[in-house]
Amino acid sequence: MILNLWKYLKGYVIIEVTGFSVSRFVNLAVHKGIYIWDVSHEKDRVIMKVSVKGFKLLKPCAKKTKCKFKIIEKKGLPFFAFRYRKRKIFVAGFVFFIAFVYFLSSFIWLVEVDGTDRISQEDIIRFSEEHGLRVGGLKFGINRRELEAAMINEFPYISFINIGIRGTKATISIAETIPPQEILDRSAPSDIIAKRDGVIMGVHVSTGTAIVREFDVVSEGDLLVSGHLTVSEDRDPEGLVNTHTFADAIVLARYYYPINFEVEREYIQKNFTGNTKNRRRFILFGREINLFSSSISYTNYDKIRERTQLRLGENYPLPFIIVTDRYFEFEPIVSQKSLVDMQEEAAAIVTNRIIREFDFGADVFEKIINLEETERGLSVSATIITIEDIGKNVRIEIPEQLETPLEDEEIE
Amino acid sequence: MAKKIRNKLTDMLELPKEVVLGLPLISIIGSEEISIENYKGIIEYTSERIRINTSCGVLKIEGRNMVLKQITSENMLITGSILKFEYLI
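Those protein sequences? They're chains A and B, same order as listed.
Anchor point for the first sequence: position 48 equals 48 in my numbering, and the numbering is continuous, going up by one each time.
Anchor point for the second sequence: position 20 equals 20 in my numbering, and the numbering is continuous, going up by one each time.
Any given hint might turn out to be false.
Unchecked claim - Taking lysine-lysine pairs in the DSS-like style, the calculated list, with each CA pair at most 27 Å apart, reads:
1) A:Lys56 with B:Lys17
2) B:Lys40 with A:Lys53
3) A:Lys70 with A:Lys88
4) A:Lys43 with A:Lys10
5) A:Lys49 with B:Lys60
6) B:Lys8 with B:Lys69
7) A:Lys68 with B:Lys17
8) A:Lys43 with B:Lys40
9) A:Lys64 with A:Lys43
10) B:Lys69 with A:Lys32
11) A:Lys195 with A:Lys367
12) A:Lys32 with A:Lys66
13) B:Lys8 with B:Lys40
14) B:Lys69 with A:Lys63
15) A:Lys64 with B:Lys40
To be verified - Where chain A lies over chain B, by a calculated footprint (3+ residues, C-beta under 8 Å):
16) 7-16
17) 39-47
Claimed, not checked - Each pair of labels, with its calculated beta carbon distance range:
18) B:Glu18 with A:Leu77: 34 to 42 Å
19) A:Arg166 with B:Glu18: 47 to 55 Å
20) A:Arg166 with B:Glu48: 53 to 61 Å
Note that these hints are calculated values from the structure, not bench results.
Remember, it's a predicted structure, so these values are computed and weren't measured experimentally.
Backbone N, C-alpha and C fix where the C-beta goes; we use that ideal spot for every residue, glycine too.
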């Protein structure tokens, strides 16, 4: 295969040799170091292939052995190039084509995001677009390491990121992690205040002085645990020392979340008529081309959009996208839900909201769900009782003169 | 006499004979390909019969549609269907 390619590039001649002693001719030529191959016999002539270089040395061999040779065909790139030497536009077109393909492949035509779960892909793509990595942008000017570092700073959930550019496709691979915890400055004195209203269910203090007790009702901003300590010195029972420390405590409180919403009895059922329509559009270099514009006559329809990007192999997506919109006509039919269906829906909504809206640390203590059937459907008023830590550290500004040094601060 | 001694010597030292004695090395793949190294020259060539001069006599190959696929001064490759292969000493 490689040898054949080499022969083609160097060029070779197919000749026919006639005469009394062709074998002597071949012997002599081979002896001179002329490269001959594919010697075949046909009636009274012998056909063989000779390299261009060897062909020029063939004349004396023929004279000596009294053979005659004739060119049948010239093959290879040198002859091909010679034949088309005057077709300058053709050559220019060929060169232009190669250059154009190279030019196109130096752009990015697809940005993919991999491995995201909590971070939205749109955010990642928008952020990378702002930093130069975008569809239709040149792939050379991108500092990938810098962009990776910028992304890790921007999105706290990212633990690992790699941007790979292969062909015309950029792939952003991401591994997510839990967000890093806020680091509290434990050296500075602080109080704990309530971040929301609630009934205290338990106070567990490591450092600081508890101000509230169990079953106290607190409202937002109330002091729960103070960083102020009053310590009695062992050596002098009379003397009391005032000091401040970082208050560290878990203050569990009962908290009531009201959830009110309505489940409607009526709903619209889609009765598909079976009529569908397809509309195709093309997006070439980010510009939309609408060849077949027809208006949609359906009053009610579902639309499904499909994007197909043409690509050369896996790594060379092209800037040519076919967008197909499929329209499915339906007739809206107003239907009524049964009571059981509405109850199930209400329960599902409540569960969903607990998962989505509540803190990770909150324990659901009780769920009180009141359902009331009304004319329009089902009125739901639920109260979710949770037990959670409502404490929040706030720094204390201490007047200078009150500060007295204390070696052992772990005193309660 | 000299030839005999050289023959014994290469046997003793386990040297490759085709190198030391200038003998042809012939390898045949099935009945379709035959390669001859260390030949001296072509005596006759048609698509049915090829005679090649070697240091140990004339090698005669008979077959059908035989083609000299490759010839250099040391090596020769013949393809086609080979029927007969003999030395004429």
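A:Lys68 and B:Lys17: Cα distance at most 27 Å? Violated: A:Lys68 and B:Lys17 sit about 39 Å apart, past 27 Å.
Is the listed coverage of the segment 7-16 of chain B by chain A valid when you require three or more residues with a beta carbon under 8 Å from a beta carbon of that chain? Violated - the segment 7-16 of chain B has 0 residues with a Cβ nearer than 8 Å to chain A, which falls short of three.
Restraint check for B:Lys69 with A:Lys32, where alpha carbons must lie at most 27 Å apart: holds, 18 Å
Does 34 to 42 Å hold as the CB distance between B:Glu18 and A:Leu77, or does it fail? holds, 38 Å
Quick one, are A:Lys56 and B:Lys17 close enough, alpha carbons at most 27 Å? Distance of about 37 Å is beyond 27 Å: violated.
Between A:Lys49 and B:Lys60, does the CA-CA distance stay at or below 27 Å? holds, 24 Å
Given the proposed pairing of A:Lys64 with B:Lys40, does the C-alpha separation stay at or below 27 Å? Holds. A:Lys64 to B:Lys40 sits at ~19 Å (cutoff 27 Å).
Is B:Lys8 close enough to B:Lys69, meaning Cα to Cα at most 27 Å? Violated, because 36 Å separates the two Cα atoms, which is more than 27 Å.
Compare the distance between the alpha carbons of A:Lys70 and A:Lys88 with 27 Å, and conclude whether the hinted pair is satisfied. Not satisfied, since the Cα-Cα distance of roughly 32 Å exceeds 27 Å.
Just to be careful, I want the Cα atoms of B:Lys40 and A:Lys53 compared with a cutoff of 27 Å; is the pair within it? The given pair, whose Cα atoms are some 24 Å apart, holds under the 27 Å limit.
Is it true that A:Arg166 and B:Glu18 lie within 47 to 55 Å of each other by Cβ? Cβ of A:Arg166 to Cβ of B:Glu18: about 52 Å, so the range 47 to 55 Å holds.
Hint check: B:Lys69 vs A:Lys63, CA-CA at most 27 Å. Holds or violated? holds, 25 Å
In summary, the structure is inconsistent with hints 1, 3, 4, 6, 7 and 16 from the numbered list given earlier, while agreeing with the others.
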